[in-house]
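Work the whole structure out from these sequences, hints included.
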Amino acid sequence: MATASAPARQATGVRGHRKPNRSGYFFVAGYVVLLIAFGIGPTLYAFWLSISNSRGQLVGLGNFTRTFTDYRFAAAFTHIMVYVVIWLVTLMVLVVSLALMLHGRMHRTSAALRFLFYLPGALAGVASVVLWLILLDPTNSPVGFILRAFGWDSLATVILPSHLPVIFTIIAFWTGAGGWIIVVYGALNSIPPELVEAARVDGASIFQIARMIQIPLLRKWIAYMLILAFATGSQLFVEPQLVSTASFGMIPDGWSPNQLSYLYAFQAGDFNGAAALAVDLLFIGLASATVVVFRGGLFERE
Amino acid sequence: MRTKMVGAIAVVGAALALSACGSADPAPAPSAKADQFAPAAQDEASEITVWADATRVPVVKAYQKAHPEAKIKLVTYSGNANGATDLQTKVQLFDRTGNGWPDVAFSATLSDTAWAAFGDKPYAAPVDKVIDKSVLDGFAPGALDPCKVGAGTYCVRNDLAQVVLWYNKKLLDKFGYTLPTTWEEYQALGEKVAKEHPGYLVGTAGDPWAPEIYLWASQCPASTVTEAKNVTVDLKNANCSRMVGMLDKLIANKAMSKAGVFDAGFIKNQASKVLLMPGPSWFGQVLFNSTFKIPKGEIAAGAPLKFASDTATYTGNVGGGVWYISSHSKNLKTAGDLVSWVTTADEAQANAVTYPAYTKAAALWLTKQRDSGYFAADISPAFTQAAEQVWPGWSATQYSQEAIYASTVVPALNKDQTIASTIDAWQTAITNKATSLGYKVN
Amino acid sequence: MVALNTRPSDTFPSDTSQSGSHLGRRTPRRRWSTGAIAGRVTWFVVTGVFLLFFALPVVWMLLAVTKTDSQIIRGHPFAIGTWHDFTQAWGNLLNFQDGAILLWMKNSAVYAFGSLAITLATAIPAGYGLALTEFVGRKLLLTTTLVVMIMPAAALVLPLYLEVNAVHLTGTIWSVILPLSFYPFGVYLTYIYYSSTIPPDLLAAARLDGCSEWQVFTKIALPLARPIIALVSFFSFVGNWNNFFLPFVMLPDSQQYPAQVGLSNLLAASAVFNTSAGTENQILRPELALAALLTILPVLVVFLFSQRALLSGMLAGGTKG
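Residue numbers (this note's numbering), protein chains in the order written: chain B, 52 to 353; chain A, 0 to 441; chain E, 3 to 323.
Calculated from the structure, these hints are not laboratory results.
Where a beta carbon is used, it is the ideal one built from N, C-alpha and C, also for glycine.
One thing to keep in mind: the hints can contain errors.
Claimed, not checked - Residues on chain A that point at chain E, a partial pick, calculated with CB under 10 Å:
| id | residue |
| --- | --- |
| 1 | K72 |
| 2 | N81 |
| 3 | A83 |
| 4 | R95 |
As structure tokens, then:
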């Protein structure tokens, strides 16, 4: 146990100790069964759908070119790019800063704050429609004064198309940030206090400690958060649906690519086109994930 | 290693691009011929599954009570209200697996027929092959039009939502105005109200269903399905521009609100200032009574307006639910019996929330409304007249006109643009949407 | 607010250590320097702003259930209603289809806990295996997990449905529990946790002492896993509880609906969203807000429990050094 919290990077010469053995298979076996049944299987089937037609014939990239020329394609992907940029920057900066701020001081207060920050996360999905229905309407919103300060005096002016990426970011941040704050906070706890304390004694400011010690040690967690945040961001679905319901349809139903994919599948009955759009999103997600995996060393073991 | 991966992806991509052996176009769904309807093997004792929304659940339970021998499994679902597509989503999946379809389904969305009656084996059975003609003949003229595809009728109408002219009698009397009978008088009154009583309203243009209230009544060919999947969209037609011009004027002088009637802001600040409001029959109880909380004895309904130059009066329609019977049902007899009972029986319809599509039930429904004493005058003449004046040139399509108006025109209105200036964008939006769902647009 | 009631000894910048053994290092000079005061003010302002951002809407919702629909629309957003209106809303909600909301919550609990059990039994060993054992295909497994995680769910609905139908599970609770119990997110959390907290040396030492692989896992890895079990349980539970689409697609019977699907029906049945719902319908904004609050209660309870385990566990791991 003595070395449990020693800085991981000090553990050198480890690789030699581990030889491939069968125990690894045993540990992952249960998960692999589920992975094949509910992950790989359906994904492969979706791939097959994307390159075939409704009569089960192989059509190559036909579905991709077809969906690419859809009049909503460019708009949806532009929307999502703008949104993802705003969303990722907001999430990364604020979640890491808030977790650092909450960490290690005023335990009771910090615990209470984390709980309160998390609260909206429980209010996900359908449960929050009624909330946004009122919140976004300046006439009786609890935050109406803020909306009116921007010169928005009705629901329709609040959700004008140009405001949407920011509004969706706020909704997504409101529901999702608390959970990530907890993850990062938990990760901060696994950093040995001696390291931080030593730096502090050396006269490092809290910003220097964060930048030089805490953030580098959180690298994997941040990489992981980045990948998932990118994936969930590019697959935005709930927030536009939510605002659309709350505003009686003032958001176009194909605002985001994922919504478009849903429209293909369930409005046009075109599962092949839907799968093609999903594969597009998958590749975009994978491209970013690849960068993050290699730069963030997610697969590496120190 | 990464270059290898990129290379592999390129090879796979190239192989895919070359290996097409079928067309990527989604199979265009042919509409089934009603006379080719081939029911599944029947078993009159089998259980039927009924999908209904929460509002319709009591009616189905009442049927069960009146017919204890029928075996019914009742499932509550959203009823496709407010743009939901639950029924369609599930039926798409059932079509894939070949089982699971509900024998009877209620939908609050008229446009569901546009997919339910299409496909290799459409979900909806032609009800004219299942339900007696004498029953179907008892519906208000035109009530079943949205259910008709080709020669077949694929659903049974639950309620009508014909547009009438709602007005606040107390306010109208107080201001000394008379109720307009033509759109010209309506516009003149609107301009007068703007001058003499600023803040009071003669209508709203921010509701998703505004085109169904105004453009439909104006006989604007925005959504005319000619055959199968051919649709005419012509928002530049003179019948459209006369109404659009009027709306723009009234919006400009603030006699018409840009808000929607269910916006919390509207309910709070403007609901009590509604002088006139063309709107569907359900506005009476649902909007004025329960949402706006306008006191008893103030609201009344006038007959639909007409254009002075037109020979006949036409009006629009906003919603109205329908019942479907599954073409896969193993017990069409019970299914048909249930659907006719819930749509026509006095017990089922007299106390319904909305105006019954079945003429005999509607008469009883109107007496009940009179007895309720909410309205300032008898609404029966206006309602019965309007029920027969719905313009038949506006068809239900698989896409929602309401959603397109709400996402294209309403945002523009809120940027202080006129409806007229959005006509091109609006026309394009409808055309694009229709084309994407396999319609041919003229 | 309770959260802002701080004890005088809580100073800024305070120590980041958890053990409390460094308390003595705080010096009065440090406590009162301008920088420290500015820092402290910043801390309060920033956390205060975010506190308002996260909590204010929830407070509004708590108040909403004590008002009538009309008061919500016409009154001040933060006015407090009456007990009578709350009981009224409660009664109306319970009246909806004879207390359907309670049935939905019960169903949700079955699905959420059922899949949580399977998730824990598979994800924790898998994360451990990926982090601390070596086997052929480890990276492949990590990559595949990531790919599957990124795949948009909309495209997986049809394949999953066909699959579940093919094995005749449609309409059973397993059609929801099994797909939900596949939780790659949890596997990754566990993997990252083990690979960044437990040095392989420790395990190597245990192996040298004659522990079998299974013993290494149960004697060393599992006791240290408490915080990660809490974290995975929590996220998995919340994910299961809030999942809408899977049960919506899989379950054909309204008696089987979980809370999220039920809520969406409640919403569709409410006169607020459904113009055909009619006047006898009693489900308006206060009832909707109450239903929403009711369905998040279990999530909050689980949160509080796991928060405790999470912290105590992490602390144990951190201070034993």
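Status of each hint after checking the structure:
1. K72: Nearest chain E Cβ about 8 Å off; hint holds.
2. N81: The hint holds - A:N81 has a Cβ within 10 Å of chain E, the shortest such distance being about 5 Å.
3. A83: This interface hint holds because 6 Å falls under the 10 Å limit.
4. R95: With a closest approach of 6 Å, the A:R95 hint holds.
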